[in-house]
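Just need the whole structure built from these sequences, with the hints factored in.
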Amino acid sequence: MIDRGALLLRWNPAVPYRGLHRTPLDGAPAPDARVARLYARYREALASGDGVLEDLDDALTMRLQAERAGARDVEVIVFEVPQERAQRPGALPIATAAPAAELELLGYDVCELMEPWWSCVRAGACEDGGTNTMQSASSVNAHGLLESRQQAERCAAAWNARAETDEQVSAVRVYRA
Numbered sequence: 015m016i017d018r019g020a021l022l023l024r025w026n027p028a029v030p031y032r033g034l035h036r037t038p039l040d041g042a043p044a045p046d047a048r049v050a051r052l053y054a055r056y057r058e059a060l061a062s063g064d065g066v067l068e069d070l071d072d073a074l075t076m077r078l079q080a081e082r083a084g085a086r087d088v089e090v091i092v093f094e095v096p097q098e099r100a101q102r103p104g105a106l107p108i109a110t111a112a113p114a115a116e117l118e119l120l121g122y123d124v125c126e127l128m129e130p131w132w133s134c135v136r137a138g139a140c141e142d143g144g145t146n147t148m149q150s151a152s153s154v155n156a157h158g159l160l161e162s163r164q165q166a167e168r169c170a171a172a173w174n175a176r177a178e179t180d181e182q183v184s185a186v187r188v189y190r191a
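Going by the working numbering, the first residue of the sequence shown is number 15, and it counts up by one from there.
Accuracy of the hints is not assured; some may be wrong.
Distance windows between CB atoms, simulated [as the list claims (entries may be wrong)]: (1) 17 x 118: 12 to 22 Å; (2) 97 x 50: 34 to 44 Å; (3) 83 x 115: 21 to 31 Å; (4) 28 x 118: 16 to 26 Å; (5) 50 x 156: 32 to 42 Å; (6) 29 x 64: 36 to 46 Å; (7) 17 x 61: 14 to 24 Å; (8) 57 x 190: 38 to 48 Å; (9) 161 x 68: 23 to 33 Å; (10) 83 x 179: 19 to 29 Å; (11) 112 x 78: 16 to 26 Å; (12) 110 x 51: 15 to 25 Å; (13) 30 x 130: 32 to 42 Å.
The set of hints was computed from the structure by calculation and includes no laboratory data. Ideal Cβ placement from N, Cα and C applies to all residues, glycine included.
Structure below.
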């Protein structure tokens with residue numbers, strides 16, 4: 015199972031959601047041969063990394079190449095499935111280090127760990143295990159993601175308990191490079 019990786023995803027300033035379920039770098043038509051080669055290199059890197067980019071430097075280089083080709087709507091998103099134990103209610107928060115120094119924590123997503131990275135958060139399907147939807151303005155941050163791991167874990171558990179699919183969702187930390 016994938017536990018971390020990087021993706022090159024397009025963003026739309028009109029949509030606050032910055033999680034994993036977005037159009038990938040190669041999801042738009044290539045305007046020229048140079049961009050087509052970049053898309054091919056991205057797909058090759060994804061294939062060799064089980065669906066994710068394993069090298070952050072490669073991801074940053076590809077983003078720079080996309081920007082030079084005119085694609086200014088591409089960002090590097092790094093995600094990781096938390097490996098440490100969840101904190102107990104009432105315990106002090108656990109401070110976790112980002113996978114790399116230059117990453118900014120955006121929040122928590124709840125998604126399938128494979129393309130197309132379907133997200134409960136993006137779909138507005140996060141619940142706390144009952145009938146209370148967690149998609150209120152108080153639980154989703156400015157990046158359209160959940161604020162805390164506890165919210166994400168509750169959403170994942172509720173979805174997996176009631177979903178009629180073999181694909182389970184997982185809580186993931188989402189960073190931007």
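Status of the hints after comparison with the structure:
1. The supplied range of 12 to 22 Å is met by residue 17 and residue 118, whose beta-carbon atoms lie about 20 Å from each other.
2. Restraint check, residue 97 to residue 50: a C-beta distance of roughly 37 Å satisfies the suggested window 34 to 44 Å.
3. The beta-carbon spacing between residue 83 and residue 115, approximately 27 Å, falls within the hinted interval of 21 to 31 Å.
4. Our hint of 16 to 26 Å for residue 28 and residue 118 holds, since their Cβ atoms are close to 21 Å apart.
5. At about 35 Å, the beta-carbon gap between residue 50 and residue 156 stays in the expected band of 32 to 42 Å.
6. At about 28 Å, the CB distance of residue 29 to residue 64 disagrees with the hint of 36 to 46 Å.
7. A C-beta distance of roughly 18 Å is found between residue 17 and residue 61, which places it inside the suggested range of 14 to 24 Å.
8. Separated by about 22 Å at the C-beta atoms, residue 57 and residue 190 break the suggested range of 38 to 48 Å.
9. The hinted range of 23 to 33 Å is satisfied by residue 161 and residue 68, whose Cβ atoms lie roughly 28 Å apart.
10. Taking the beta carbon of each, residue 83 and residue 179 are about 37 Å apart, not inside 19 to 29 Å as hinted.
11. Separation of residue 112 from residue 78 is about 20 Å and conforms to the stated range, judged on CB atoms against 16 to 26 Å.
12. Look at residue 110 against residue 51: about 37 Å separates their beta carbons, and that is not inside 15 to 25 Å.
13. Hint check: residue 30 to residue 130, Cβ distance near 19 Å, so the stated range 32 to 42 Å is violated.
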